[in-house]
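Could you build the full structure based on these sequences and the hints that come with them?
Counting from 1, one number per residue, gives the positions in the sequence shown under the numbering used here.
Rather than coming from a laboratory, the hints here were simulated on the basis of the structure. Where hints are given, some of them may not hold.
Straight-line C-alpha distance at most 25 Å; calculated DSS-like pairs for lysine-lysine [unchecked claim]: (1) K59 x K45; (2) K103 x K113; (3) K101 x K113; (4) K91 x K103; (5) K45 x K91; (6) K59 x K91; (7) K113 x K59; (8) K113 x K39; (9) K59 x K39; (10) K113 x K45; (11) K91 x K101.
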Amino acid sequence: MSAAPVELYAVADFCLIPMGLGVPSVGPQIAECQRVLEKSGLEYKLHGYGTNLEGPWDKVMQVIGECHAAVHALGTPRIATDIRIGTRTDKTITGGGNDGKIKRVEEILAAEK
1 MSAAPVELYA
11 VADFCLIPMG
21 LGVPSVGPQI
31 AECQRVLEKS
41 GLEYKLHGYG
51 TNLEGPWDKV
61 MQVIGECHAA
71 VHALGTPRIA
81 TDIRIGTRTD
91 KTITGGGNDG
101 KIKRVEEILA
111 AEK
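This is the structure:
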(Lines of atoms letter the chains of each structure in order from A and count residues from 1; the text may use other names and numbers.)
(Lines give C-alpha, C1' and ligand atoms only; values in the text may rest on other atoms or scores of the structure.)
Protein backbone atom coordinates (compact mmCIF):
# COMPACT_ATOMS: atom_id res chain seq x y z
CA MET A 1 0.00 0.00 0.00
CA SER A 2 1.46 3.36 -1.00
CA ALA A 3 1.22 6.52 1.04
CA ALA A 4 -1.29 9.18 0.08
CA PRO A 5 0.22 11.86 -2.12
CA VAL A 6 1.34 15.00 -0.32
CA GLU A 7 -0.51 18.13 -1.37
CA LEU A 8 2.23 20.52 -2.38
CA TYR A 9 2.12 24.11 -1.19
CA ALA A 10 3.30 26.34 -4.03
CA VAL A 11 5.08 29.64 -3.61
CA ALA A 12 4.94 31.21 -7.05
CA ASP A 13 5.80 34.32 -8.98
CA PHE A 14 4.07 34.85 -12.29
CA CYS A 15 4.02 37.51 -14.95
CA LEU A 16 1.01 37.47 -17.27
CA ILE A 17 1.86 39.25 -20.51
CA PRO A 18 -1.10 40.35 -22.68
CA MET A 19 -0.13 40.61 -26.35
CA GLY A 20 -1.69 41.73 -29.62
CA LEU A 21 -3.58 44.68 -28.19
CA GLY A 22 -2.12 47.42 -30.38
CA VAL A 23 -1.44 49.68 -27.37
CA PRO A 24 1.54 49.69 -25.01
CA SER A 25 -0.43 49.80 -21.73
CA VAL A 26 -1.72 46.54 -20.27
CA GLY A 27 -2.96 48.04 -16.98
CA PRO A 28 -6.64 47.15 -17.53
CA GLN A 29 -5.75 43.53 -18.26
CA ILE A 30 -3.52 43.23 -15.19
CA ALA A 31 -6.25 44.83 -13.06
CA GLU A 32 -8.67 42.15 -14.30
CA CYS A 33 -6.22 39.43 -13.29
CA GLN A 34 -5.93 41.01 -9.83
CA ARG A 35 -9.73 40.85 -9.52
CA VAL A 36 -9.56 37.12 -10.23
CA LEU A 37 -6.84 36.71 -7.60
CA GLU A 38 -8.88 38.64 -5.03
CA LYS A 39 -11.83 36.27 -5.53
CA SER A 40 -9.56 33.20 -5.25
CA GLY A 41 -8.89 33.58 -1.55
CA LEU A 42 -5.21 32.81 -2.12
CA GLU A 43 -2.40 34.93 -0.74
CA TYR A 44 -1.03 37.24 -3.46
CA LYS A 45 0.89 40.47 -3.91
CA LEU A 46 1.23 42.55 -7.06
CA HIS A 47 4.66 43.97 -7.83
CA GLY A 48 6.11 45.96 -10.73
CA TYR A 49 6.68 43.04 -13.08
CA GLY A 50 4.32 40.35 -11.88
CA THR A 51 2.52 38.87 -8.91
CA ASN A 52 3.58 36.64 -6.02
CA LEU A 53 0.97 33.96 -5.41
CA GLU A 54 0.84 31.08 -2.98
CA GLY A 55 -1.38 28.25 -1.91
CA PRO A 56 -2.04 24.62 -2.75
CA TRP A 57 -0.38 23.67 -6.06
CA ASP A 58 -3.60 22.77 -7.88
CA LYS A 59 -5.36 25.96 -6.77
CA VAL A 60 -2.41 28.17 -7.79
CA MET A 61 -2.37 26.63 -11.25
CA GLN A 62 -6.17 26.87 -11.53
CA VAL A 63 -6.17 30.56 -10.63
CA ILE A 64 -3.44 31.39 -13.14
CA GLY A 65 -5.61 29.68 -15.75
CA GLU A 66 -8.60 31.72 -14.59
CA CYS A 67 -6.52 34.88 -15.05
CA HIS A 68 -5.84 33.81 -18.64
CA ALA A 69 -9.55 33.21 -19.27
CA ALA A 70 -10.56 36.57 -17.76
CA VAL A 71 -7.97 38.54 -19.74
CA HIS A 72 -8.91 36.75 -22.96
CA ALA A 73 -12.54 37.67 -22.22
CA LEU A 74 -11.49 41.34 -22.38
CA GLY A 75 -10.54 40.81 -26.01
CA THR A 76 -6.86 40.02 -25.57
CA PRO A 77 -5.98 37.70 -28.46
CA ARG A 78 -2.76 36.28 -27.02
CA ILE A 79 -1.21 35.87 -23.57
CA ALA A 80 2.20 34.61 -22.53
CA THR A 81 2.90 33.87 -18.87
CA ASP A 82 6.22 33.33 -17.16
CA ILE A 83 5.90 31.29 -13.95
CA ARG A 84 8.44 30.38 -11.27
CA ILE A 85 7.19 28.00 -8.60
CA GLY A 86 8.90 26.71 -5.51
CA THR A 87 7.79 23.88 -3.25
CA ARG A 88 9.27 22.34 -0.11
CA THR A 89 8.83 19.01 1.59
CA ASP A 90 11.34 19.57 4.39
CA LYS A 91 9.06 21.95 6.29
CA THR A 92 5.42 22.96 6.34
CA ILE A 93 4.46 26.27 4.76
CA THR A 94 0.82 27.26 4.98
CA GLY A 95 1.04 30.96 4.27
CA GLY A 96 3.54 33.76 4.24
CA GLY A 97 5.99 31.82 2.08
CA ASN A 98 7.04 34.80 0.00
CA ASP A 99 7.14 37.12 3.02
CA GLY A 100 9.20 34.52 4.90
CA LYS A 101 11.80 34.49 2.14
CA ILE A 102 12.14 38.26 2.26
CA LYS A 103 12.33 38.29 6.06
CA ARG A 104 15.12 35.68 6.05
CA VAL A 105 17.29 37.72 3.68
CA GLU A 106 16.63 40.89 5.69
CA GLU A 107 17.74 39.07 8.86
CA ILE A 108 20.99 37.99 7.20
CA LEU A 109 21.69 41.53 6.00
CA ALA A 110 20.86 43.05 9.39
CA ALA A 111 23.26 40.62 11.13
CA GLU A 112 26.10 41.96 8.97
CA LYS A 113 25.70 45.53 10.29
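Self-check item: Structure-inconsistent hints, enumerated in ascending order
Solution: Numbers 7, 8 and 10, in rising order.
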